[in-house]
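Undergrad: Below are the chains, spelled out letter by letter.
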Amino acid sequence: MGKPTDKELYERIQMKDKAALELMYDRYEKLLYSLAYRITKDPHFSEEVMQDVFMKLWNGKGAGQYNEDKGKFSSWLLTVTRNTSIDLLRKKKEVEYQWDERDSLQEEIPSVEKEVEDQEKRDELTEAMDTLPDEQQRMIYLFYFQGLSQQNISKVCELPVGTVKGRIRLALKKLRENLATERRVDHGK
Amino acid sequence: MENKRCDYLIDYFNGLLSENDSRQFEQHLQQCEDCQKELQEFKALTEDLPLHMKQVDPPEGMKDRVLDHVMTNDPVPSNQFIKKKNSKLPIWSGVLAAALLLSVGVNIYTTVEMQQLSSENENLNAQLSDAQLAISELQEEQEDEEDTGVASPEQTASLVPLEENGFTGMATVTDNGEGPELLVQVQNMEALHGDEVYQVWLIEEETPVASGSFVIDEHGVGGVSYHMSGEMEQNWESVAVSKEPQPGNEQPEGEILLESEL
Ligand SMILES: [Zn+2]
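These protein sequence lines map, in sequence, to chains A and X.
Heads up, the first sequence is in the numbering used here, so the first residue is 1 and it goes up one at a time.
Heads up, the second sequence is in the numbering used here, so the first residue is 1 and it goes up one at a time.
Okay, chain A solo, but in the shape it has when bound (with noise of 0.2 Å):
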């Protein structure tokens, strides 16, 4: 018997079948949780997060409602995981940003030395993003992994909205172009 489909497996727990859910949880753990915590940089946070995305997954409606029209299985599972994890990252900083937009905003722009001196934490996409120069890495980093609003990105880089999502498209490219070459080197395709 071959390894149940990510399709089967779901529609086993749409019958609230634990098994399933056990299964697909192994298979997406760490995925999931990498994401998680690299969006949310907390253990606790992360957890909380992967507890929050299989409890969708259980319930099956609203986010947790998945079919083909969402595109593959393990793209929209990935997207519910980041957006689960900007969610509570907006919830935990709500009161600062009630207390003071502006500073905690600026708190979060990563420090490029610190992401460098790191070199247990080096991945393909962090030596992607270091190849970018420091403004695109933050259009990234703000946009994708803290899901700012455009107006907020505008505030912290200063940038006129308008101009925002063209420098976030330019951003990405870049990044991609980068992922590309990486993949190159490492794998030799």
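Take the hints with a grain of salt, since some may be wrong.
No more than 27 Å apart at the CA atoms, straight line, and that leaves these computed lysine-lysine pairs for DSS-like [as the list claims (entries may be wrong)]:
#, chain 1, residue 1, chain 2, residue 2
1, A, 165, X, 4
2, A, 30, X, 63
3, X, 37, A, 173
4, X, 43, A, 173
5, A, 70, A, 173
6, A, 30, A, 72
7, A, 72, X, 54
8, X, 43, A, 61
9, X, 43, A, 165
10, X, 43, A, 91
11, A, 16, A, 3
12, A, 3, X, 63
13, A, 173, X, 54
14, X, 54, A, 30
15, X, 43, A, 70
16, X, 43, A, 92
Some chain X residues near chain A, calculated using beta-carbon distances under 7 Å [unchecked claim]:
#, residue
17, 10
18, 14
19, 15
20, 54
21, 58
Quick list of simulated restraints, FRET-style, between CB atoms [as the list claims (entries may be wrong)]:
#, chain 1, residue 1, chain 2, residue 2, range
22, X, 68, A, 177, 41 to 47 Å
23, X, 157, A, 161, 50 to 56 Å
24, X, 237, A, 74, 48 to 54 Å
25, X, 18, A, 44, 29 to 35 Å
26, X, 41, A, 19, 33 to 39 Å
27, X, 164, A, 92, 48 to 54 Å
28, X, 41, A, 44, 30 to 36 Å
29, X, 220, A, 19, 47 to 53 Å
Just so you know, these hints were derived from the structure itself, not from any lab.
For every residue, glycine included, the Cβ atom is placed at its ideal position computed from N, Cα and C.
Given chain A, put chain X with the ligand in place with the hints provided.
TA: For chain X with the ligand alone, kept in the frame of chain A given last:
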């Protein structure tokens, strides 16, 4: 051509738009190839970036904790417990079933929503009798299904009248996965007039906190379900019901009619 709507793409992708704006943007998306293409880029990124990340080892025991969390917070039992196909609701103990049905069939009235309530009284009464019908069916069903594993309420208490007024009720604290919920159901209550409502209070150290209000049907039956979000940490000592001259009171004006320790 860049249109004003195109500016919503980033906030749409990051889930920051109101439901209304979100829907409007989706309509725009149907017609705007630029936005479709850009959204596709963003989505591709979500799929792609995690694959380039170094995988982090989760903390020890996380699997058990996560799966336990899902199972203990699930309103519907897992499949070894699933019962009749035609019963969508899990079978709860009698009173809780009643309270749940009330909350499902009657809508959930928070303090704010109460403002519009008096005009909806008739509608409410009709729904209440439906709910009661459903309750008795459910209770019958339950009799031959005793002892089948279902989630149990965390706490149930009888509401006791403070005077000889014949009022009765039950208060239940339960959790169906969306945080603790206080369910109050009462019977034999006296009729309300004008804007009057019955108000539920959670009490800690003699300080009452408004926790949902309701009106009753012609049989003196009513109830309310109240999300205790964020307040569960508090050590509630008791729950009480009073009659208030209008909805939305922060402090009780009327006398406490029913009370129970939690
Ligand atoms: Zn557009």
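Undergrad: Hints first: check each against the structure and report whether it holds.
TA: Hint check:
1. A:165 - X:4: 13 Å, holds
2. A:30 - X:63: Holds - the C-alpha atoms of residue 63 (chain X) and residue 30 (chain A) are around 11 Å apart, at most 27 Å.
3. X:37 - A:173: Cα-Cα ~13 Å, so holds.
4. X:43 - A:173: 13 Å, holds
5. A:70 - A:173: Cα-Cα ~23 Å, so holds.
6. A:30 - A:72: 18 Å, holds
7. A:72 - X:54: 22 Å, holds
8. X:43 - A:61: Distance ~21 Å between residue 43 (chain X) and residue 61 (chain A) Cα, so the pair holds.
9. X:43 - A:165: Roughly 15 Å separates the two Cα atoms, so the pair holds.
10. X:43 - A:91: 23 Å, holds
11. A:16 - A:3: 19 Å, holds
12. A:3 - X:63: Given that 27 Å is the threshold and the Cα spacing comes to 21 Å, the pair holds.
13. A:173 - X:54: Status holds; Cα separation ~21 Å.
14. X:54 - A:30: 10 Å, holds
15. X:43 - A:70: This hinted pair holds, its Cα atoms lying about 11 Å apart.
16. X:43 - A:92: 25 Å, holds
17. 10: 4 Å, holds
18. 14: 4 Å, holds
19. 15: 6 Å, holds
20. 54: Result: holds, 3 Å to nearest chain A Cβ.
21. 58: 5 Å, holds
22. X:68 - A:177: 41 to 47 Å: Hint holds: Cβ distance 44 Å, inside 41 to 47 Å.
23. X:157 - A:161: 50 to 56 Å: Since the Cβ atoms of residue 157 (chain X) and residue 161 (chain A) sit about 54 Å apart, the hinted range of 50 to 56 Å holds.
24. X:237 - A:74: 48 to 54 Å: 49 Å, holds
25. X:18 - A:44: 29 to 35 Å: Holds: the Cβ-Cβ distance is about 30 Å, inside 29 to 35 Å.
26. X:41 - A:19: 33 to 39 Å: 38 Å, holds
27. X:164 - A:92: 48 to 54 Å: 51 Å, holds
28. X:41 - A:44: 30 to 36 Å: For residue 41 (chain X) and residue 44 (chain A) the Cβ distance comes to about 33 Å; the hint holds.
29. X:220 - A:19: 47 to 53 Å: Holds - the Cβ-Cβ distance for residue 220 (chain X) and residue 19 (chain A), about 49 Å, lies within 47 to 53 Å.
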